[in-house]
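Number of protein chains: 2
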Amino acid sequence: MTYCCALRLKDGMVFISDTRTNAGVDHISVFRKLYTFGIAGERFITIQTSGNLATTQAVIGHLQNQLEVKQEPNLYSVNTMFEVAELVGHTLKKVISDVTSDTLEQSNYYCSLLVGGQIGSADMQLYNIYPQGNFICATPDTPYFQIGESKYGKPILDRTLRYDMPLDEAMRCSLISFDSTIRSNVSVGMPLDALVYKKDSLEIPNGKRIYEEDQYFTMISKGWSEALRQGLIELAKPTADYFQ
Amino acid sequence: MTYCCALRLKDGMVFISDTRTNAGVDHISVFRKLYTFGIAGERFITIQTSGNLATTQAVIGHLQNQLEVKQEPNLYSVNTMFEVAELVGHTLKKVISDVTSDTLEQSNYYCSLLVGGQIGSADMQLYNIYPQGNFICATPDTPYFQIGESKYGKPILDRTLRYDMPLDEAMRCSLISFDSTIRSNVSVGMPLDALVYKKDSLEIPNGKRIYEEDQYFTMISKGWSEALRQGLIELAKPTADYFQ
Numbered sequence: 001m002t003y004c005c006a007l008r009l010k011d012g013m014v015f016i017s018d019t020r021t022n023a024g025v026d027h028i029s030v031f032r033k034l035y036t037f038g039i040a041g042e043r044f045i046t047i048q049t050s051g052n053l054a055t056t057q058a059v060i061g062h063l064q065n066q067l068e069v070k071q072e073p074n075l076y077s078v079n080t081m082f083e084v085a086e087l088v089g090h091t092l093k094k095v096i097s098d099v100t101s102d103t104l105e106q107s108n109y110y111c112s113l114l115v116g117g118q119i120g121s122a123d124m125q126l127y128n129i130y131p132q133g134n135f136i137c138a139t140p141d142t143p144y145f146q147i148g149e150s151k152y153g154k155p156i157l158d159r160t161l162r163y164d165m166p167l168d169e170a171m172r173c174s175l176i177s178f179d180s181t182i183r184s185n186v187s188v189g190m191p192l193d194a195l196v197y198k199k200d201s202l203e204i205p206n207g208k209r210i211y212e213e214d215q216y217f218t219m220i221s222k223g224w225s226e227a228l229r230q231g232l233i234e235l236a237k238p239t240a241d242y243f244q
Numbered sequence: 001m002t003y004c005c006a007l008r009l010k011d012g013m014v015f016i017s018d019t020r021t022n023a024g025v026d027h028i029s030v031f032r033k034l035y036t037f038g039i040a041g042e043r044f045i046t047i048q049t050s051g052n053l054a055t056t057q058a059v060i061g062h063l064q065n066q067l068e069v070k071q072e073p074n075l076y077s078v079n080t081m082f083e084v085a086e087l088v089g090h091t092l093k094k095v096i097s098d099v100t101s102d103t104l105e106q107s108n109y110y111c112s113l114l115v116g117g118q119i120g121s122a123d124m125q126l127y128n129i130y131p132q133g134n135f136i137c138a139t140p141d142t143p144y145f146q147i148g149e150s151k152y153g154k155p156i157l158d159r160t161l162r163y164d165m166p167l168d169e170a171m172r173c174s175l176i177s178f179d180s181t182i183r184s185n186v187s188v189g190m191p192l193d194a195l196v197y198k199k200d201s202l203e204i205p206n207g208k209r210i211y212e213e214d215q216y217f218t219m220i221s222k223g224w225s226e227a228l229r230q231g232l233i234e235l236a237k238p239t240a241d242y243f244q
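So the protein lines, in turn, are chains A and B. Numbering-wise (the UniProt record's numbering), the first sequence opens with residue 1 and increments by one. Numbering-wise (the UniProt record's numbering), the second sequence opens with residue 1 and increments by one.
No lab work stands behind these hints: they were computed from the structure. Since the model is a prediction, treat every value here as computed from it, not as a measurement. Treat the hints with care, as some may be off.
Any copy, or any two copies together, can satisfy a pair, since identical chains are not distinguished.
To be verified - Under the rule of at most 25 Å between Cα atoms (straight-line distance), these lysine to aspartate or glutamate pairs were calculated in the DMTMM-like manner:
1. K237 to D164
2. K199 to D241
3. K237 to E226
4. K222 to E234
5. K10 to E42
6. K237 to E203
7. K70 to E203
8. K222 to D158
9. K222 to E169
10. K237 to D193
11. K237 to E213
12. K198 to E234
13. K199 to D123
14. K237 to D168
15. K237 to E212
16. K10 to D158
17. K237 to D11
18. K10 to D241
19. K222 to D141
20. K237 to D200
21. K198 to E42
22. K222 to D241
23. K10 to E203
Isolated chain A, as found in the complex (with noise of 0.2 Å):
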């Protein structure tokens, strides 16, 4: 499996990615899912990608050869967040079809994608994209999207992430929703890639590939561990109804 998280902010963006694959347990490799695209001072874009190994790298096998034969459109001649969703999702559709004509036999080639970022001097963007190619938008309402094994980190989002949650203290909470995922789930694994775009920035950020010894993600997970021993030893007791 797979787990993606991003992140759409009052001031910028939160992505980060797992990076393994498998094919039965005993077949685990380790492939980046997370890629950045764009032009600095004037577009940033990141793809994350869950699903099917093959589908994921032919979709950004294409759009970076789009890019290097200079195919229109291409994710740096369209206009607008927007525009690259569509294209992202055209693309993804036709990797699918181009697989198969079989409708029932194209879901063991779905895989599931994340699209952000900002061009020029509109607003960012987060979009799901679906198999089918279509997508949504990430609101203030609901500031997130997850791809991939997600159920486990949502708890610790749905109670504590908010759209004016600073850049930091929303990095620190999808870390957790990472470690709490690795810990419950062995199909979700690291090392993590991480990236943060500040809101308006244009830039490219290189990201952080966070391996298992990295000491900051080492000692959040140790004190996280802590603060929810804590935090339940300090509830309040049951009433003696619970026991009777």
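On the provided structure of chain A, position chain B as indicated by the hints.
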């Protein structure tokens, strides 16, 4: 869906089940999924159910009917918790095969069961019973089982639950696991049925039905959100390389 969780700890057992059933989002009902059997001073048995409602009600119905018509074997005539698990497993398998002999179609009628309890001076036991009638048994290494919508509530159990945890702390831990699930997934809903069995008591607890307006549950739900937010703020800020 459903969420049921059962713990077998050093000092006793904790069982919690939700009560929401749904056949589509426009067909939601409240059905009990936690059942108790027993003879005070001799044996205590709890069964929690998840899956096709007709199947789970048929299993419970057959087990109750066996007792009423004194059919052998029954829950009060078997000698050990292992034999209880076998009886429940056989009953479940028969209920499913009575509906259809088509193996592929059988999965539509699947359910999973958690069976816990104690008979006489033997150890308490907790079993997870599969639709095929076979089962696994909880141990100090893995002192809990979940059935149904289990992923949202797993991280808190994985991080904080210990075999030698006091029962009141284990109850808080389980309630938070339920609160997290209910907040993130509408297919799991209040009221909850909770029950604590104290080791070697051989009593049949009444248990407690926890309604949405339950004062204690509301308090720890709010208290936990507060503890998480506080814990998050107190974690050290990410190092600069996280923003590069």
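Hints violated by the structure (numbers, ascending): none
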